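Participant: Sequence:
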Amino acid sequence: MLNAECGMLKAATTFVAAVLLALPASGEEKPAAYTTETIRGRVVFLAEVMQDKTGVAVVPEARERVLALEKKDGSLLPLLEDVRARAFRRDERLREMEVELVVRRYAISPLMQVIQVFEIAKSGKYEIDYWCDVCSIPM
Numbered sequence: 001m002l003n004a005e006c007g008m009l010k011a012a013t014t015f016v017a018a019v020l021l022a023l024p025a026s027g028e029e030k031p032a033a034y035t036t037e038t039i040r041g042r043v044v045f046l047a048e049v050m051q052d053k054t055g056v057a058v059v060p061e062a063r064e065r066v067l068a069l070e071k072k073d074g075s076l077l078p079l080l081e082d083v084r085a086r087a088f089r090r091d092e093r094l095r096e097m098e099v100e101l102v103v104r105r106y107a108i109s110p111l112m113q114v115i116q117v118f119e120i121a122k123s124g125k126y127e128i129d130y131w132c133d134v135c136s137i138p139m
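Numbering (my numbering), first residue to last: 1 to 139.
Source of the hints: derived by calculation from the structure; they are not laboratory data.
Since we're looking at a predicted model, the values are computed, not measured.
Accuracy of the hints is not assured; some may be wrong.
Using C-beta positions, here's what the derived DEER-type ranges look like [claimed, not checked]:
| hint | residue 1 | residue 2 | range |
| --- | --- | --- | --- |
| 1 | ASP91 | GLU61 | 29 to 39 Å |
| 2 | VAL83 | ARG63 | 36 to 46 Å |
| 3 | VAL49 | GLU29 | 18 to 28 Å |
| 4 | ASP129 | ARG104 | 15 to 25 Å |
Taking lysine-lysine and the BS3-like style, the derived pairs with C-alpha atoms no more than 25 Å apart in a straight line are [unchecked claim]:
| hint | residue 1 | residue 2 |
| --- | --- | --- |
| 5 | LYS71 | LYS125 |
| 6 | LYS72 | LYS125 |
| 7 | LYS71 | LYS53 |
| 8 | LYS122 | LYS72 |
| 9 | LYS53 | LYS72 |
| 10 | LYS71 | LYS30 |
Positions of the beta carbon are idealized from the N, C-alpha and C atoms, including for glycine.
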C-alpha cells in the first residue's frame, strides 16, 4: 500500500508541476500595443509653440524640454525622446526642415516614437541618418 501512495503522490506532484510550468510567469507582460504611421510636419519645441499660439507664459526651463511635430494644420503631436528623436534636439538643422516621420503611436500615451526620418525638399524626399565611421553604427 505504501508503494501505491508514493506512486500517487509522485503523479500528483508531476501534474501540479506541469500545470505551473504551463502558466505564464506573473512578471511577463505583453508589449504595449501600437500603430505605425507616417506623418509630415516640422519638429519644434512644444512649450515655445504653445506660448506663441495660446499666450500662456511657460517657465524658462520648459522651453526646450519637449519636442513635438507641428503639422501644416497647426496641430501638435508630442514626441517621445529616445536616441532617434534626440537628433532634433542636438541638430538644429533638423528643426528647420519639413520632415516626414515614420512613428509608432502607443495606445497608452499621446507621445509618438520616431522610427524613421525623411527630409521633404523641393528636389525630393531624403532619408536622414547619422553614421559613425568609428563604430559603424547608424543613428
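Participant: Now look at each hint and say whether the structure bears it out.
Facilitator: Now the hints, each set against the structure:
1. For the hinted restraint 29 to 39 Å between ASP91 and GLU61, the CB-CB distance of approximately 22 Å leaves it violated.
2. Checked against the hint of 36 to 46 Å, the pair VAL83 and ARG63 fails, with Cβ atoms roughly 22 Å apart.
3. At about 35 Å, the CB distance of VAL49 to GLU29 disagrees with the hint of 18 to 28 Å.
4. Judged by the Cβ atoms, the range 15 to 25 Å given for ASP129 and ARG104 holds: they are separated by roughly 18 Å.
5. The hinted pair formed by LYS71 and LYS125 meets the criterion: a straight-line CA distance of about 17 Å does not exceed 25 Å.
6. A hinted pair counts as satisfied when its Cα atoms are at most 25 Å apart, and LYS72 with LYS125 qualifies at roughly 17 Å.
7. Restraint check: the Cα-Cα separation between LYS71 and LYS53 comes to about 14 Å, which is no more than 25 Å; the hinted pair holds.
8. Taken as a hint, the LYS122 and LYS72 pair is honoured in the structure, with Cα atoms around 16 Å apart against an allowance of 25 Å.
9. At roughly 14 Å between alpha-carbon atoms, LYS53 and LYS72 fall within 25 Å of each other, so this suggested pair holds.
10. The suggested pairing of LYS71 with LYS30 is violated, with an alpha-carbon distance near 32 Å, which exceeds 25 Å.
Hint compliance for this structure: hints 1, 2, 3 and 10 are not met, and every other hint is.
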